[in-house]
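Q: Below are the chains, spelled out letter by letter.
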Amino acid sequence: SQQGEEDPQALSIQEGENATMNCSYKTSINNLQWYRQNSGRGLVHLILIRSNEREKHSGRLRVTLDTSKKSSSLLITASRAADTASYFCATSTTSGTYKYIFGTGTRLKVLA
Amino acid sequence: SAVISQKPSRDICQRGTSLTIQCQVDSQVTMMFWYRQQPGQSLTLIATANQGSEATYESGFVIDKFPISRPNLTFSTLTVSNMSPEDSSIYLCSVEQGVSGNTIYFGEGSWLTVV
Chain F
1 SQQGEEDPQA LSIQEGENAT MNCSYKTSIN NLQWYRQNSG RGLVHLILIR
51 SNEREKHSGR LRVTLDTSKK SSSLLITASR AADTASYFCA TSTTSGTYKY
101 IFGTGTRLKV LA
Chain C
1 SAVISQKPSR DICQRGTSLT IQCQVDSQVT MMFWYRQQPG QSLTLIATAN
51 QGSEATYESG FVIDKFPISR PNLTFSTLTV SNMSPEDSSI YLCSVEQGVS
101 GNTIYFGEGS WLTVV
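Chains F and C, in that order, give the protein sequences.
Going by this note's numbering, the first residue of the first sequence is number 1, and it counts up by one from there.
Going by this note's numbering, the first residue of the second sequence is number 1, and it counts up by one from there.
Where hints are given, some of them may not hold.
Calculated cross-link-like contacts (lysine to aspartate or glutamate; reagent style DMTMM-like; alpha-carbon spacing at most 25 Å) [said to hold, decoys possible]:
1) K99/F to E108/C
2) K56/F to E58/C
3) K7/C to E96/C
4) K109/F to D83/F
5) K109/F to E108/C
6) K7/C to D26/C
7) K70/F to E58/C
8) K56/F to D7/F
9) K26/F to D26/C
Simulated from the structure, these hints should not be mistaken for lab results.
Taking the hints into account, I'd like the entire structure generated from these sequences.
A: As structure tokens, then:
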């Protein structure tokens, strides 16, 4: 089964608003990464947060990680129409075979 | 960051045939991963391919259906065998890079439609 569950599944906001997406996972992790996928394209890496970090920023992106709750959130501030895409979290686990497992994804639509 | 090229980018395949997807990386990498993304879905890991060893397959994926080669540190292939319409998906090659807190990078994917 998928390691990560994301919510909401879909999100529609107006340009200039903030968008928040959440990711929950099941087992202990080494790190958690967020990716963007434009329709029909490959995935673009956005940000990586390690298991010993709680918050990280990159431009308009802010990621938090709460390992006690096994959850992470991605905040996109001052959204733009170009932010319209699907967003996925991915975790690398500390147990079993070394691999990266993706969450179910959030489809974000930013209306101009 | 690694630059990954996948071929083909798209293909329409006949039921019962096989297709091999190529993944070329512009630098040497130890770990390569193959994912499948069915329409409207998230990514599902098919297998992990390390150079010089057999690929490690995830539950639900078998070598007979998805044979993988990893002849060197910059190249890998995934074959989708005896295709059916259920195999219509995007197939994505990815690699891991980084000294610590490794990041995975993706190719543009190969869109396969089986008719």
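Q: Look at each hint and say if it fits the structure.
A: Status of the hints after comparison with the structure:
| no. | hint | in the structure |
| --- | --- | --- |
| 1 | K99/F to E108/C | holds (20 Å) |
| 2 | K56/F to E58/C | violated (31 Å) |
| 3 | K7/C to E96/C | holds (19 Å) |
| 4 | K109/F to D83/F | holds (8 Å) |
| 5 | K109/F to E108/C | holds (22 Å) |
| 6 | K7/C to D26/C | holds (14 Å) |
| 7 | K70/F to E58/C | holds (23 Å) |
| 8 | K56/F to D7/F | holds (20 Å) |
| 9 | K26/F to D26/C | violated (34 Å) |
Checked against the numbered hints listed earlier, the structure breaks hints 2 and 9; every other hint is satisfied.
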